[in-house]
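S.K.: Listed below are the residues making up each chain.
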Amino acid sequence: MCLAIPSKVIALQGNTATLETLGVQRQASLDLIDEPLEVGDFVLLHVGFVVGKIDTDEALESLKLYAEMIAKMDQDG
Amino acid sequence: MKMADLIDSFRDKHTILALVSQIKKESIGLKTPFKIMEVCGGHTHALMRYGLLNLLQDTPLDFVHGPGCPVCVMPKLRIDEAIALAQMPNTILITLADLMRVPGSKGSLQSLRAQGADVRFAYAPLQALEVAIQNPDKKVVFVAIGFETTTPMTASLLLQAKEKGIKNLFIHNNHVLVPPSVQAVLKNSKIDALIAPSHVSVITGAKIYRPLLDLFKIPIVVAGFEPVDMLDGILRIVRQALKKQTLLEIQYSRAVSFEGNLKAQSLIAETMQVRENFEWRGLGEIPFSAMQMRPEFADFDVEVVFAEFLPKASALEPKNCLCGEILKGLAKPLDCTLFNKACTPSHPVGACMVSAEGACAAYYKYLS
Numbered sequence: 001m002c003l004a005i006p007s008k009v010i011a012l013q014g015n016t017a018t019l020e021t022l023g024v025q026r027q028a029s030l031d032l033i034d035e036p037l038e039v040g041d042f043v044l045l046h047v048g049f050v051v052g053k054i055d056t057d058e059a060l061e062s063l064k065l066y067a068e069m070i071a072k073m074d075q076d077g
Numbered sequence: 001m002k003m004a005d006l007i008d009s010f011r012d013k014h015t016i017l018a019l020v021s022q023i024k025k026e027s028i029g030l031k032t033p034f035k036i037m038e039v040c041g042g043h044t045h046a047l048m049r050y051g052l053l054n055l056l057q058d059t060p061l062d063f064v065h066g067p068g069c070p071v072c073v074m075p076k077l078r079i080d081e082a083i084a085l086a087q088m089p090n091t092i093l094i095t096l097a098d099l100m101r102v103p104g105s106k107g108s109l110q111s112l113r114a115q116g117a118d119v120r121f122a123y124a125p126l127q128a129l130e131v132a133i134q135n136p137d138k139k140v141v142f143v144a145i146g147f148e149t150t151t152p153m154t155a156s157l158l159l160q161a162k163e164k165g166i167k168n169l170f171i172h173n174n175h176v177l178v179p180p181s182v183q184a185v186l187k188n189s190k191i192d193a194l195i196a197p198s199h200v201s202v203i204t205g206a207k208i209y210r211p212l213l214d215l216f217k218i219p220i221v222v223a224g225f226e227p228v229d230m231l232d233g234i235l236r237i238v239r240q241a242l243k244k245q246t247l248l249e250i251q252y253s254r255a256v257s258f259e260g261n262l263k264a265q266s267l268i269a270e271t272m273q274v275r276e277n278f279e280w281r282g283l284g285e286i287p288f289s290a291m292q293m294r295p296e297f298a299d300f301d302v303e304v305v306f307a308e309f310l311p312k313a314s315a316l317e318p319k320n321c322l323c324g325e326i327l328k329g330l331a332k333p334l335d336c337t338l339f340n341k342a343c344t345p346s347h348p349v350g351a352c353m354v355s356a357e358g359a360c361a362a363y364y365k366y367l368s
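Here the protein sequences line up with chains U and C, keeping their order. Here the first sequence is numbered in our numbering, starting from 1 and rising by one per residue. Here the second sequence is numbered in our numbering, starting from 1 and rising by one per residue.
Because the hints were derived from the structure by calculation, they are not lab data. Note that the coordinates shown come from a computational prediction; the quantities given were computed from them, not determined experimentally. Check each hint, because a few of them may be wrong.
Derived DSS-like pairs: lysine-lysine, alpha-carbon spacing no greater than 30 Å straight-line [what the hints assert, rightly or not]:
(1) C/319 <-> C/35
(2) U/53 <-> C/164
(3) C/162 <-> U/53
(4) U/72 <-> C/138
(5) C/319 <-> U/64
(6) C/332 <-> U/72
(7) C/207 <-> U/64
(8) U/8 <-> C/13
(9) C/31 <-> U/72
(10) U/72 <-> C/312
(11) C/35 <-> C/164
(12) C/25 <-> U/8
(13) U/64 <-> C/2
(14) U/53 <-> C/332
(15) C/207 <-> C/244
(16) U/53 <-> C/2
(17) C/24 <-> C/244
(18) C/263 <-> C/190
(19) U/53 <-> C/243
(20) C/243 <-> U/64
(21) U/72 <-> C/341
(22) C/332 <-> C/187
(23) U/72 <-> C/319
(24) C/162 <-> U/64
(25) C/25 <-> U/64
(26) U/64 <-> C/332
(27) C/263 <-> U/53
(28) C/2 <-> U/72
(29) C/35 <-> C/263
(30) U/72 <-> C/13
(31) C/138 <-> C/162
(32) C/244 <-> U/8
(33) C/190 <-> C/162
(34) C/312 <-> C/106
(35) C/138 <-> U/8
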């Protein structure tokens, strides 16, 4: 019910976006989004609506921290 | 960054095992059992699906499942109401998710459909608007269900219907709120920390957990649903507990902010208000725990327009079903004598087995 799916913005037309979700293209309403979107952005799709943007910088930052943690463990281990 | 990186990196086996080993190493100093409630059914499924529960079994950590499955917490009366609405003459009833299969006092929406009622399943609330436009001579009832994640979609549906002057669309509003239900559970159970729902928080922001933090003084971490996210969330909880901290942290920072989606919040505020009381399956009546339509939208509200059709009371829950206790964090699916015997996904006795997000459905799917 509350599982939004990460999707990529393929096209924007007025209040609707075309998204690619796990290889499938679908339309989603932009009614719930205030921030500007661009083609290529990653967003969360939930029951036909874009609910939020995925911040790729934040995602990369998290992945960097995990990589550092693993490197440190390998050194210690 | 590619789409695959965005998903696969957060399911990476090497990272999962590294986080597990770190959690094992650090959690030794905690009391046993250290009870972490995963509020949302999505997290329960992540724990089971990726074998995290198994990987963490030699730790003091004990995972308790919370009330965060909107289908599971619907009381029988609301299902009976939906059935009564579907039985009105000249009516099409539309709903999302697994609500179709949840047993009411006398059967489910699905069994009603088998008897010929026009009951339909939708993937998105806006489909109800299309059906209403295509069937101007019918009453179209949308059974709205979900936590804060799905509430703004119903708000958008209402606003679009009003703007288009649609007169034959009606909403059965079952939207419920996470914080009051969690508060009710925390009052009666000894829970040491919370993993807070991620997609609810995309809409509401992490700020809705602030009052819970002030009241119960336990670590609260908003974590994503991927296995790496969840383990990172657990590690953050362990670290807080060892330092005797009680902080509200956002692990899922790539999608969640403290303030949340303000546009979605404003659409909800425009169309709905908090109900004084709502009955939850297993938890009973909880004040200010659900939404209802604002008086300006009364023409769309089944509770106003079709009040005479709605039942006032319903039968008791089935005997021996532990759904209520499971939702309160007091029992686990394997404690239930009906589990995998009288109660299976094809013949569910309680809603926790019906819903794809239910704790019993997760245990059945990944343990059987």
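S.K.: Given the hinted pair residue 2 of chain C and residue 72 of chain U, is their alpha-carbon gap at most 30 Å?
M.R.: Holds. Residue 2 of chain C to residue 72 of chain U sits at ~26 Å (cutoff 30 Å).
S.K.: Between residue 319 of chain C and residue 64 of chain U, does the CA-CA distance stay at or below 30 Å?
M.R.: violated (51 Å)
S.K.: Tell me if the straight-line CA distance from residue 72 of chain U to residue 13 of chain C falls inside 30 Å.
M.R.: holds (17 Å)
S.K.: Does residue 162 of chain C sit within 30 Å of residue 190 of chain C, going by the straight-line distance between their CA atoms?
M.R.: Given that 30 Å is the threshold and the Cα spacing comes to 46 Å, the pair is violated.
S.K.: For the pair supplied as a hint, residue 35 of chain C and residue 263 of chain C, is the alpha-carbon distance within the 30 Å limit?
M.R.: Measuring from Cα to Cα gives roughly 35 Å; hence the hint is violated.
S.K.: Are the Cα positions of residue 24 of chain C and residue 244 of chain C separated by 30 Å at most?
M.R.: Between residue 24 of chain C and residue 244 of chain C the Cα gap is close to 18 Å, so the pair holds against 30 Å.
S.K.: Is the straight-line distance between the alpha-carbon of residue 263 of chain C and that of residue 190 of chain C 30 Å or less?
M.R.: Violated: residue 263 of chain C and residue 190 of chain C sit about 36 Å apart, past 30 Å.
S.K.: Tell me if the straight-line CA distance from residue 53 of chain U to residue 332 of chain C falls inside 30 Å.
M.R.: violated (36 Å)
S.K.: Quickly compare the C-alpha distance for residue 8 of chain U and residue 13 of chain C to 30 Å and report which way the hint goes.
M.R.: Measuring from Cα to Cα gives roughly 24 Å; hence the hint holds.
S.K.: Hint check: residue 207 of chain C vs residue 64 of chain U, CA-CA at most 30 Å. Holds or violated?
M.R.: holds (27 Å)
S.K.: Does residue 72 of chain U pair with residue 319 of chain C here, judged by a C-alpha cut-off of 30 Å?
M.R.: violated (54 Å)
S.K.: Would the pair residue 332 of chain C and residue 72 of chain U pass a check requiring their Cα atoms to be no farther apart than 30 Å?
M.R.: violated (37 Å)
Of the hints listed earlier, those the structure fails to meet are numbers 4, 5, 6, 10, 11, 12, 14, 18, 19, 21, 23, 24, 26, 29, 32, 33 and 35, in rising order.
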